[in-house]
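Chemist: Sequence:
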Amino acid sequence: MRSRLNWSVSTVQLTMHMDELIILCRSPVLTKAVPMSRERSKLEGTNVKVENVPVLLDRHNTQYSTKGGSMASGQLSREEALACVGCRHACHILLYADTEAQLFEEIPIRHIVLMQMRFDGLLGFPGGLVDPSEESLEEGLSRELWEELGFSLSVTVEDHVSSCHNPSSSSSHLITHFYSRRMEEKEIREVEKAAASTATDHGHEVMGMVRVPLYTLKGGGGGLPSFLSHSFIGNSRSQLEDALVRFGLVTPEELQTALTHAEQMRKQP
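Heads up: the sequence shown at position 123 corresponds to 123 in this note's numbering, and the numbers run straight through without jumps.
These are calculated hints, taken from the structure and not from any lab test.
Backbone N, C-alpha and C define an ideal beta-carbon position, used for all residues, glycine too.
Hints should not be assumed to be uniformly reliable.
Derived CB-CB ranges, DEER-like [claimed, not checked]: (1) 189 x 136: 25 to 33 Å; (2) 87 x 193: 30 to 38 Å; (3) 101 x 208: 33 to 41 Å; (4) 208 x 107: 20 to 28 Å; (5) 173 x 264: 17 to 25 Å; (6) 154 x 267: 41 to 49 Å; (7) 158 x 264: 19 to 27 Å; (8) 77 x 110: 38 to 46 Å; (9) 187 x 117: 28 to 36 Å; (10) 200 x 87: 25 to 33 Å.
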């Protein structure tokens, strides 16, 4: 949901990137890009008072920055997450690759990003619940990938991207751990083939792999906007949005445009 708000006085942190000033409001999590001259870039990292700043409220309570993608609320380090008493842990991974392929020999696809259709009809990333008392997070995720993808992938700590409390599961104290692995296009195709032919979970817990369209078709609806208008499990949509910007798969402007169109689609009768 997009909302425009006016704060009379707010404490913000300033971050410069190129010719834009990204205002990251501390609480609630709000963001708005404001043009600013390079001469004032010395304000970077300082706290200032800003009056009547129009800001954009993200429906996922997520910060966006051109420098580091988005940053969901409830962020934890891997160590902090593992120290949580009574918490459950779920690990998922983004697999992606560069590609020179074009849609209709005209529209650059640019990158292959894999997600999956789950048994409950929701979109999500490969992975699942892991018990750190029995195996490491990475060992558990590797096991889940073998079951869901039929592909042997040894996930390491270096693949870890983020850990955070899942806001939709506050009662169950679930912490989600997100990982990523950049692969070659050939490897991605092998994953897709294995997921449909040898994975034990195919047709049961997993209905099939899907590629995320990163382009936007003429008219502003088809492609990424349509994909983002679908239903996702837990915070997987926020994880996707974060990763797309974090790894340079789309620009912050492209993502925000897609989110705007996606929200309009969801409101249509």
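Chemist: Are the hints correct? Go through all of them and say.
Modeler: Results for each hint:
Between residue 189 and residue 136 the beta carbon distance is about 29 Å. The supplied range of 25 to 33 Å therefore holds. Distance hint for residue 87 and residue 193: a CB-CB separation of about 36 Å, consistent with the stated range 30 to 38 Å. In this structure, residue 101 and residue 208 break the distance hint of 33 to 41 Å, their C-beta atoms being roughly 20 Å apart. Between residue 208 and residue 107 the C-beta distance comes to about 23 Å, which sits within the given range of 20 to 28 Å.
Residue 173 and residue 264 have their C-beta atoms about 35 Å apart, which leaves the hinted 17 to 25 Å range violated. Judged by the Cβ atoms, the range 41 to 49 Å given for residue 154 and residue 267 holds: they are separated by roughly 44 Å. Taken as a hint, the range 19 to 27 Å is violated for the pair residue 158 and residue 264, whose Cβ atoms sit roughly 39 Å apart. With their beta carbons about 32 Å apart, residue 77 and residue 110 fall outside the hinted range of 38 to 46 Å.
For the pair residue 187 and residue 117, the supplied restraint of 28 to 36 Å is violated, since their beta-carbon distance comes to about 21 Å. Roughly 28 Å separates the CB atoms of residue 200 and residue 87, a value that falls within the hinted 25 to 33 Å.
The earlier numbered hints that this structure contradicts are 3, 5, 7, 8, 9.
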